[in-house]
Amino acid sequence: QVQLVESGGGLVQAGGSLRLSCAASGSIFSLNAMGWYRQAPGKQRELVAVIARGGNTNYADSMKGRFTISRDNAKNTVYLQMNSLKPEDTAVYYCLAERAPLRYWGQGTQVTVSS
Numbered sequence: 005q006v007q008l009v010e011s012g013g014g015l016v017q018a019g020g021s022l023r024l025s026c027a028a029s030g031s032i033f034s035l036n037a038m039g040w041y042r043q044a045p046g047k048q049r050e051l052v053a054v055i056a057r058g059g060n061t062n063y064a065d066s067m068k069g070r071f072t073i074s075r076d077n078a079k080n081t082v083y084l085q086m087n088s089l090k091p092e093d094t095a096v097y098y099c100l101a102e103r104a105p106l107r108y109w110g111q112g113t114q115v116t117v118s119s
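Take 5 as the starting number for the sequence shown in the working numbering and just add one per residue.
It should be emphasised that the hints constitute simulated quantities derived from the structure, not laboratory data. Since the structure is predicted, the reported quantities are computational estimates derived from the model, not experimental observations. None of the hints are false.
Pairs of lysine-lysine, DSBU-like flavour, derived with a Cα cap of 35 angstroms: (1) Lys68 x Lys47; (2) Lys79 x Lys90; (3) Lys68 x Lys90; (4) Lys47 x Lys90; (5) Lys47 x Lys79; (6) Lys68 x Lys79.
Using the sequences and the hints, build the whole thing.
In structure tokens, the structure reads:
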């Protein structure tokens, strides 16, 4: 099993920044992709960004240029730097870790962007 603990969510004004962190523990050997999804009220969970163990990244189009995902393999931690936040970025952000075919999820952290 893999445990994921997120931190860094909160309330921020539009245009502000937040940095999310997600630390993995447990059976963390051979974890490949780590990343972030989000879910707004009444909407489906959607991709924010993922990063492979080797550093390749993939972003949702609406996050490109504003969000940056990074990873510290030594600390088994993935980060999401979010800049120029908009009210529509308000959601619960979930950390993901993948060791195919299994996916592990964190409990989620709330991000609220006020206008």
